[in-house]
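Line order of the protein sequences matches chains A and B.
Residue 392 in the working numbering is what sits at position 392 of the first sequence, and the numbering runs on without skipping anything.
Residue 418 in the working numbering is what sits at position 418 of the second sequence, and the numbering runs on without skipping anything.
Don't take each hint at face value.
With a straight-line cut-off of 20 Å between C-alpha atoms, the simulated PhoX-like cross-links for lysine-lysine are [unchecked claim]:
id, chain 1, residue 1, chain 2, residue 2
1, A, Lys187, A, Lys201
2, B, Lys66, A, Lys420
3, A, Lys200, B, Lys178
Just so you know, these hints were derived from the structure itself, not from any lab.
Just so we're clear, the structure is a prediction, and the values are computed from it rather than from any experiment.
Protein chains: 2
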Amino acid sequence: MEKVTIKELFKNSEKYYGSQIQIQGWIRTLRDSKNFGFIEVNDGSYFKNVQVVFENNLDNFDDICKYTISTSITVEGEFVKTEGAKQSFEIKASKVEAFNIADSSYPLQKKHQTMEYMRTIAHLRPRTNTFSAVFRVRSVVAFLIHRYFQERGYVYLTSPIITCADCEGSAEMFNLTKLDLDNLPLKDGKVDYSQDLFGKKTFITGTGQLHGETFAHAFGKIYTFGPTLRTENSNTKTHANEFWMIEPEIAFCDLEDLMDLEEDFLKYIVKNILEMCPEELEFFDKFIENGLIEKLKKVTTSKFTRLDHKEAIDILKKADREWEFKPEYGEDLAKEHEKYITEYFNGPVFVKNWPKDIKAFYMKLNEDGKTVAAVDLEVPGAGEIMGGSQREENYDKIVKRMEEMNIDREELYWYLELRKYGSTIHSGFGLGFERLLMYLTGMENIRDVIPFPRTPNNCNF
Amino acid sequence: MEKVTIKELFKNSEKYYGSQIQIQGWIRTLRDSKNFGFIEVNDGSYFKNVQVVFENNLDNFDDICKYTISTSITVEGEFVKTEGAKQSFEIKASKVEAFNIADSSYPLQKKHQTMEYMRTIAHLRPRTNTFSAVFRVRSVVAFLIHRYFQERGYVYLTSPIITCADCEGSAEMFNLTKLDLDNLPLKDGKVDYSQDLFGKKTFITGTGQLHGETFAHAFGKIYTFGPTLRTENSNTKTHANEFWMIEPEIAFCDLEDLMDLEEDFLKYIVKNILEMCPEELEFFDKFIENGLIEKLKKVTTSKFTRLDHKEAIDILKKADREWEFKPEYGEDLAKEHEKYITEYFNGPVFVKNWPKDIKAFYMKLNEDGKTVAAVDLEVPGAGEIMGGSQREENYDKIVKRMEEMNIDREELYWYLELRKYGSTIHSGFGLGFERLLMYLTGMENIRDVIPFPRTPNNCNF
């Protein structure tokens with residue numbers, strides 16, 4: 001007897017009508033009456049369940065009726081077409097056998113549960129509709145990201161996460177050590193890192209960009225995609241201490257080219273996820289964010305607005321409304337500003353050429369001497385999802401910026417050497433994977449798009 | 001004028017003959033005479049270079065002749081067919097312009113350099129033939145791994161790397177903390193982790209398997225693919241403190257199914273890398289491991305041997321040779337044993353059903369009460385590259401094993417609950433990404449298949 005997945009039954013129903021098949025999965029619901037019963041079975045292969053009908057001609061009919069939610073079962077029977085039912089097919093069981101009858105303490109019984117509660121059972125929540133959809137979309141989007149870059153000749157770089165230096169400063173980095181914290185070796189009253197595994201103080205890095213630039217100068221186009229840790233002690237809906245980031249870096253690419261890439265990339269992801277996960281997106285549209293699908297479809301056809309930071313501030317200052325944070329030319333955009341700008345243009349907006357004083361040392365100084373060739377992409381509903389820049393490719397200029405900003409040049413000698421040995425106009429951006437997922441699914445809390453989220457005071461599972 | 005990549009010129013030469021094109025890349029070699037010169041240009045898109053011919057009709061002919069190795073340039077000109085030359089085409093330049101003339105201190109001049117030296121310039125070595133090939137293959141294999149699993153309905157799980165517990169024990173895990181190691185807060189003479197970011201002691205995990213099992217019980221088939229850190233203080237050719245791992249986990253899958261999967265997976269990777277990176281593999285075959293391609297081709301068609309650990313020891317004991325480590329029934333296989341076994345069978349060998357005392361608590365206890373359903377895949381030339389097992393799915397039995405092995409059950413309550421709420425026969429394996437790469441490229445040191453390797457006392461770049 002052929003073992004098939006539920007996905008296969010949905011995708012190729014015609015092929016299986018009238019066949020004897022076997023499925024293996026878990027009970028989502030079970031209803032029984034005196035002579036027959038229905039089981040909704042899910043095997044994880046597909047968002048939807050298949051319905052199994054069993055009758056009292058089965059030897060273990062009474063046992064089956066007692067099977068609990070989440071019991072693991074093997075079902076054999078005929079795959080039949082049904083008329084006028086919610087689903088157009090079902091399995092008429094000749095055998096229903098439990099492998100492990102779920103304990104009745106199983107917390108995901110039929111009733112509605114809050115997102116907060118779900119986080120306390122992160123090991124079980126992917127068995128629910130919402131999280132089954134979220135984490136399947138997460139998986140497919142991850143693949144689409146790889147596919148996008150690979151098909152376009154980018155080389156995937158797994159940048160190191162252990163580091164001794166970091167361009168973003170060590171304030172946000174975790175310390176990493178093999179030393180026993182309760183018995184630290186000391187030298188002159190300070191920790192003696194020469195006894196640690198790497199012989200010096202090490203951290204987990206918050207970015208792969210600098211290493212990305214080295215590879216971009218060998219392969220032309222590269223991307224990273226890996227976990228990032230930050231120590232930020234902030235309990236918001238959009239911050240987690242462990243998240244994944246995508247950081248492409250491209251040689252012979254200026255800020256305009258970079259915006260072209262970002263726009264093309266985002267449209268590709270949105271277009272393909274609409275095609276590849278229609279059931280999941282319909283579910284989100286119905287239960288999580290009304291209008292989600294329309295919002296996403298619109299992105300795929302709209303031209304993204306491009307404007308200078310200064311122009312954005314002009315618009316904000318002219319707006320006839322009160323601000324919690326007053327918009328200023330020399331300053332960052334607040335969440336409320338991002339929201340206003342995307343609503344003003346009714347679509348995604350690139351805000352570019354930012355004041356140099358609020359940006360990183362490696363960003364290309366513009367000719368005005370005041371702004372840098374940085375760009376943030378703001379999207380309706382999610383605010384900033386990508387931040388990028390053209391990099392300063394001139395050795396003397398970048399050294400000057402590092403001096404101004406008190407950044408240690410010695411540790412980064414290798415990074416500076418890229419400017420000596422065949423430097424190029426080059427650019428890159430960073431995309432928070434979870435921010436993108438929140439945008440694509442409508443989920444409002446980053447904790448609900450990460451399988452096992454780590455946030456301040458929360459490192460369970 | 002159309003900007004094209006060198007890859008495009010090689011793949012679709014016919015399309016470009018006679019066209020005016022532009023390329024941007026770096027000088028690999030430059031030879032000049034009085035009236036003309038040749039430049040080998042590489043743009044990172046392809047393993048091979050394209051040849052550019054420039055003549056003294058160019059205004060800056062004398063300048064071009066002085067361009068150094070690794071100078072970044074823009075070339076414009078006609079793409080022409082050549083007769084009888086090494087390459088069947090070249091670019092007849094109408095313009096050659098440097099963007100940044102590489103400093104003459106550039107360390108990768110033409111002469112041969114050792115692998116050891118290359119590690120000291122990890123930011124530049126991807127510009128050489130060897131490392132260009134290695135890291136392009138690394139990128140393509142990473143994608144193939146994703147493609148293999150995604151096409152077969154596996155869900156990609158990004159398992160957390162910050163953890164409080166670990167099934168492998170904390171001895172090999174790095175400590176992770178936001179606390180200032182020079183000013184640790186104390187309570188009763190011990191570090192007061194309640195003041196750390198997560199409010200307790202945290203580590204970087206060495207495996208995603210346990211989390212993988214939770215997702216396998218929701219999605220049926222899942223895989224992880226991410227970085228793994230281990231504190232092992234060993235300076236061998238096959239150990240690094242940061243490496244990448246792939247860990248698939250499959251519900252309703254026993255040990256035989258798992259071996260089928262491993263065999264199919266490895267054959268898929270080998271077959272596709274041969275097709276997708278022929279230039280790189282030819283290079284490795286010629287300069288790194290003679291016979292590599294033949295070795296790989298053979299794997300795609302051979303049937304992998306499957307034998308019990310006991311049978312393997314029988315063979316080793318009967319072998320007419322001296323051992324550094326005497327083979328014993330209750331013990332692990334040494335490198336020399338692995339080598340002998342793969343040579344004995346002249347191909348990949350699954351060694352299964354290992355003595356329980358040398359294996360992890362979560363492995364399924366066989367009916368003999370002495371062995372567990374674990375399997376290692378040994379391949380010629382690389383030894384063990386995959387290690388997997390059927391997992392103990394019985395609640396009482398796994399609890400008993402944890403008691404015997406003194407493993408804290410409280411921390412892992414969520415893992416144990418998988419055995420209460422719809423447990424399944426399930427299995428999974430772990431594959432060290434770098435071990436696989438060494439096997440595929442013939443590179444002999446793990447430091448040379450990792451972009452920026454981290455090993456004891458070495459955390460540069």
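Compare the distance between the alpha carbons of Lys200(A) and Lys178(B) with 20 Å, and conclude whether the hinted pair is satisfied. holds (17 Å)
Take a quick look at whether Lys66(B) and Lys420(A) sit within 20 Å of each other, Cα to Cα. Judged against 20 Å, a Cα distance of about 16 Å means the pair holds.
For a C-alpha distance cap of 20 Å, please report whether Lys187(A) and Lys201(A) respect it. holds (14 Å)
The structure is consistent with each of the numbered hints, conforming to all of them.
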